[in-house]
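Protein sequence lines correspond, in order, to chains A and B.
FYI, the numbering for the first sequence is 1 to 114, going by the working numbering.
FYI, the numbering for the second sequence is 1 to 116, going by the working numbering.
Please keep in mind that the hints were generated in silico from the structure rather than gathered at the bench.
Be aware that one or more of the hints could be misleading.
Calculated pairs, DSSO-like style, for lysine-lysine (alpha carbon to alpha carbon, straight line, at most 30 Å) [what the hints assert, rightly or not]:
#1 K106/A to K15/B
#2 K44/B to K55/A
#3 K83/B to K3/A
#4 K71/B to K109/A
#5 K62/B to K78/B
Covered stretches of chain B (in silico footprint by chain A; criterion: 3 or more residues with CB under 8 Å from a CB of chain A, positions within the stretch not fixed) [to be verified]:
#6 32-46
#7 102-109
Idealized CB from N, CA, C, for every residue including glycine.
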Amino acid sequence: SQKIEQNSEALNIQEGKTATLTCNYTNYSPAYLQWYRQDPGRGPVFLLLIRENEKEKRKERLKVTFDTTLKQSLFHITASQPADSATYLCALEDYGGSQGNLIFGKGTKLSVKP
Amino acid sequence: EAGVAQSPRYKIIEKRQSVAFWCNPISGHATLYWYQQILGQGPKLLIQFQNNGVVDDSQLPKDRFSAERLKGVDSTLKIQPAKLEDSAVYLCASSLEAGGDWDEQYFGPGTRLTVT
């Protein structure tokens with residue numbers, strides 16, 4: 001069955017540095033991968049989608065890469081700010097499910113210290 | 001544009017009691033999802049509706065969980081009887097069903113259920 005792993009439960013970095021979060025998956029070749037942000041007490045918010053034929057996607061200070069050979073996606077936040085502190089989730093389409101069904105990783109809790 | 005609404009925000013019940021959660025999706029969104037998020041985990045899909053029909057309920061524990069979306073708009077998720085392991089945040093999400101190969105899902109704030 002599909003398996004998705006976010007290697008770090010928590011990541012602490014200093015303001016201004018680049019945060020890099022990792023998402024690995026197995027037993028699957030997804031057509032796309034998504035990243036979400038979740039703040040305490042709130043639902044996830046969609047950030048970026050990257051397709052299997054895209055190596056890199058950018059949105060403002062966010063950058064996502066997708067390596068289908070390594071079965072890995074990296075999520076970067078450049079010039080990080082304390083307001084970026086949140087849990088970041090990666091998600092894949094559920095291969096065995098209906099269109100739109102997502103399988104989420106456990107998330108990485110990012111803390112940016114001033 | 002109003003977001004996905006959920007109520008109540010918090011609920012505490014004893015095991016073997018029943019509980020119901022309500023969700024009102026974004027206006028015009030055909031697809032509605034219910035997720036369960038246990039502390040420290042990512043959301044897990046319980047059931048997906050398209051309009052008022054069930055598309056996928058393969059991960060819904062049907063012996064105790066039920067959900068309906070009678071008029072293709074708002075939805076109710078029920079647990080009866082509740083178990084301790086049902087303690088979690090129940091998230092509702094909706095998407096437009098624009099016809100492409102994926103649709104952005106918009107999540108509500110969730111209902112935090114504690115079963116004692």
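Hints, verified against the model:
no.: 1; hint: K106/A to K15/B; in the structure: 26 Å, holds
no.: 2; hint: K44/B to K55/A; in the structure: 28 Å, holds
no.: 3; hint: K83/B to K3/A; in the structure: 27 Å, holds
no.: 4; hint: K71/B to K109/A; in the structure: 38 Å, violated
no.: 5; hint: K62/B to K78/B; in the structure: 10 Å, holds
no.: 6; hint: 32-46; in the structure: holds (count 7)
no.: 7; hint: 102-109; in the structure: holds (count 8)
The structure fails hint 4 only (numbered hints given earlier).
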